[in-house]
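Asks: The chain contents come next:
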Amino acid sequence: MTLCPACHHKNLPGSLFCAECGTSLTADDTLATRNIDDSTRPRTMSDVPAERIQGWVTLHILPSGQLIPLSRRDEFTLGRISDNQPVIPDVDLGPYQAYTLGVSRLHAQIKRNASGMITIMDLDSSNGTYLNGRKLPPRRETPLSHGDVVALGKLKIQILIA
Amino acid sequence: MTSPIPDYYQILGLPRDATPEEIRRAYRRAAHRYHPDKNQNPGETEIFLQVQTAYQVLSNPQERAAYDAKLPPAKAPARQLAIQTFYSRRSILPIEEEQVIYVMLEFSPIHTSENRRPPLNLCLVLDKSTSMKGHNLALLKQAVISLLRQTRSDDIISIVAFNDYAEIVLTANYHLDRVRAEARVYQLQAAGGTEIYQGLKAGLNEVRRFRDDSRVNHIILLTDGHTYGDEEKSLKLAQRAASEGIVISAMGLGKDWNDAFLDALARETGGHSAYLDKPDKIERYFLQELQKLQNAYARDLLLDFFTGDEVELSYAYRVQPDPLALPLTAPMSLGSVLYSQPLQVVFELRVRHMNGKESENKTLISGRLQADILAQRGRLFQTHLRCHLPVRDEDLIPSVEPKMLNALSHMSLYRLQEKAEHEARAGDVQAAARHLNYLATHLLQRGQRSLAKTALLEAEHLLKHGQLSTEGGKSIKYGTRALLLPPAPEESL
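These protein sequences, in sequence, are chains H and R.
For the first sequence, the residue numbers in the working numbering are 8 to 169.
For the second sequence, the residue numbers in the working numbering are 8 to 500.
Just so you know, the hints here were simulated from the structure itself, not pulled from any lab data.
Errors might be hidden in some of the hints.
Taking beta-carbon pairs under 7 Å as the criterion, some of the chain R residues facing chain H (in silico) [to be verified]:
| id | residue |
| --- | --- |
| 1 | I102 |
| 2 | E103 |
| 3 | E105 |
| 4 | Q106 |
| 5 | V107 |
| 6 | N362 |
| 7 | L415 |
| 8 | S419 |
| 9 | L423 |
| 10 | Y445 |
| 11 | H449 |
We put the CB at the ideal spot given by N, CA and C, even for glycine.
Produce the entire structure from the sequences given, and follow the hints as far as they go.
Replies: Encoded structure:
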């Protein structure tokens with residue numbers, strides 16, 4: 008299932024244009040057919056009201072503007088759920104066009120250690136994990152700070168730390 | 008006449024290297040079509056028995072191998088049409104959930120010294136009812152004369168003008184006397200009602216006299232009004248024209264003509280219809296249409312297809328020339344290939360239950376294509392087409408060919424327009440207005456300001472009056488279709 012960023016219509020996997028409103032669902036925006044009302048969604052971290060940042064870290068899905076707060080545990084795996092999968096990620100990015108954007112089933116891990124430092128680690132994903140545009144080596148923890156932009160494949164997520 | 012070894016592949020319409028799945032699907036389709044409980048035509052029971060035998064042999068690997076060994080090698084098909092296939096992704100995901108795969112077929116001419124541009128056998132069927140009086144008729148005359156001046160010496164052109172009766176303005180003949188023809192066109196007077204059947208019948212007779220498979224046999228119909236009571240008769244005439252290989256393209260001028268009827272009329276013959284909001288557009292459309300006819304490379308592309316297991320064809324769309332949603336039944340008529348513009352068709356396929364069905368070669372859609380290569384005196388071209396993809400989970404970012412993305416983007420606009428029209432007709436005003444608004448947004452982003460404005464006004468009109476305005480509905484429908492046509496000279500807003 009792929010959620011349309013404009014009208015939230017649920018499209019079948021593999022759709023390239025929203026069946027309801029015609030908005031492009033592909034990442035490479037060679038065509039300017041995106042239809043986003045910029046006033047209602049935060050684009051940069053300063054636009055996100057502080058009270059909406061919950062949990063120790065909040066994932067700000069950049070293409071669609073959704074916020075996913077992470078709390079309760081100190082470790083989360085990010086990926087997408089597909090059938091027949093033995094290990095399921097803690098955070099399923101499937102609804103955010105994860106497949107189209109090249110997110111692996113188990114793509115990366117976000118972790119908070121005892122001293123409160125937050126790190127990200129790539130889990131040997133096919134399309135790699137990038138921190139502020141730089142590719143991270145697989146299986147190595149890299150510290151994150153507030154406002155960093157992480158890309159899983161082509162899915163960009165901003166890290167908001169409380 | 009029967010050859011010593013029957014060609015079982017041909018009977019089932021399969022290539023020699025068909026997969027077991029394709030053999031099974033082709034058999035089911037053929038058996039369904041020719042089953043004795045169903046068939047009507049004499050001889051079909053025999054075909055059904057042949058289909059049974061063919062399947063028995065080909066579905067058994069040992070028997071098939073033994074049969075293949077006996078079979079004389081297949082003749083390599085002549086390369087008369089270049090066919091390119093594009094896919095929206097590189098694999099089918101092994102998931103249970105329904106997924107969508109797009110396949111685009113592009114057919115282009117192969118340039119050889121043998122090719123020649125086919126001569127035309129064209130009849131213009133023109134409305135001269137009272138409503139054409141004045142400006143409309145003057146501009147129509149001018150358009151006809153420009154068209155006559157663009158024809159070539161080996162073209163056969165005839166002209167019929169009609170109101171309640173038909174008048175032969177120019178009889179079909181090998182040699183066009185331009186001076187006389189132009190004088191006759193200038194003398195046309197507008198009077199009377201609109202009876203399309205009369206005009207069409209006379210036009211068809213003119214085209215029939217020189218009908219020839221090596222020519223482009225065509226009728227261009229132009230009308231500005233409703234025809235009364237002769238719709239049924241006219242459609243039957245169109246069917247007859249289609250069976251004789253004569254294509255009708257229909258043009259409606261102004262807002263008072265019946266678009267559903269003209270659409271149906273043109274579609275019967277594999278032609279298309281166009282909307283001209285103002286008479287000063289007639290000339291441009293005539294010349295465009297003439298150019299398309301003179302540019303024909305192949306026509307009557309016919310795809311007899313079946314889909315793979317768990318695959319469903321959910322939409323078929325001709326991107327160019329003449330954008331149109333195609334009926335989903337097999338055999339499917341795809342249209343013509345022009346020298347200047349390859350034929351592009353997009354299929355939307357829904358695939359289900361692929362969980363755990365990893366394979367290297369999953370058939371999506373497969374079938375036999377035939378076409379009439381006009382450039383080579385109407386020589387018949389036949390080939391097998393097969394679209395398949397591996398089933399596997401792939402993390403690689405699928406990148407879609409820009410050409411295909413562009414086609415799909417256009418298709419999504421066409422479908423929005425189509426959806427809004429259906430909803431408006433079914434009385435679902437809210438949904439229709441919503442889709443028109445979406446359409447307007449996308450049109451604006453493409454820089455189609457006047458069309459976007461029409462869509463917005465129509466959405467408003469719809470909410471206020473509960474139905475589309477006759478003019479706006481046509482503008483949107485034909486305007487969206489026209490977006491992919493060759494760019495027209497910029498109009499002042």
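Asks: A separate judgement is required for each hint: does it hold in the structure or not?
Replies: Structure-based check of all given hints:
1. I102: holds (5 Å)
2. E103: holds (5 Å)
3. E105: It holds, given that the least Cβ distance between E105(R) and chain H is near 5 Å, below 7 Å.
4. Q106: This hint holds: Q106(R) lies near chain H, its Cβ roughly 4 Å from the closest one there, short of 7 Å.
5. V107: Interface hint status for V107(R): holds (4 Å vs cutoff 7 Å).
6. N362: holds (5 Å)
7. L415: holds (5 Å)
8. S419: S419(R) check passes; min Cβ-Cβ to chain H is 4 Å, inside 7 Å.
9. L423: At 5 Å from the nearest chain H Cβ, L423(R) passes the 7 Å test, so the hint holds.
10. Y445: The hint holds - Y445(R) has a Cβ within 7 Å of chain H, the shortest such distance being about 4 Å.
11. H449: Cβ of H449(R) sits 5 Å from chain H, so the hint holds.
Figure legend: structure checked against the earlier numbered hints; every hint is met.
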